[in-house]
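Numbering (our numbering), first residue to last: -8 to 31.
It should be emphasised that the hints constitute simulated quantities derived from the structure, not laboratory data.
Computed from a prediction, not measured in an experiment: that's the story for all the values here.
C-beta: ideal position from N, C-alpha, C; glycine also.
Errors might be hidden in some of the hints.
Ranges between beta-carbon positions, derived for each pair [as the list claims (entries may be wrong)]:
no., residue 1, residue 2, range
1, I22, I(-5), 29 to 37 Å
2, G0, D23, 16 to 24 Å
3, A(-4), L26, 18 to 26 Å
4, D16, S(-6), 15 to 23 Å
5, T20, N(-7), 27 to 35 Å
6, D16, N(-7), 30 to 38 Å
7, R17, N(-7), 15 to 23 Å
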Amino acid sequence: MNSIAVSTGWLFTVMLFLSTQPNVDRYSTMIDRHLHWNLY
-8 MNSIAVSTGW
2 LFTVMLFLST
12 QPNVDRYSTM
22 IDRHLHWNLY
């Protein structure tokens, strides 16, 4: 497996784990803000 596949798998696992948590909204907001600062 190349690094891209590993990174994608890790990200999917983290998102899946966070989606099972009751405070997923707070994590989603934090992730969105993190992506926003990375993209812009």
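Okay, the hints, checked on the actual structure:
Taking the beta carbon of each, I22 and I(-5) are about 19 Å apart, not inside 29 to 37 Å as hinted. For G0 and D23, the hinted distance range of 16 to 24 Å is satisfied, since their beta carbons lie about 21 Å from each other. Look at A(-4) against L26: about 20 Å separates their beta carbons, and that is inside 18 to 26 Å. For D16 and S(-6), the hinted distance range of 15 to 23 Å is not satisfied, since their beta carbons lie about 31 Å from each other.
In this structure, T20 and N(-7) meet the distance hint of 27 to 35 Å, their C-beta atoms being roughly 31 Å apart. Taking the beta carbon of each, D16 and N(-7) are about 33 Å apart, inside 30 to 38 Å as hinted. For R17 paired with N(-7), a C-beta distance near 33 Å fails the hint of 15 to 23 Å.
The earlier numbered hints that this structure contradicts are 1, 4 and 7.
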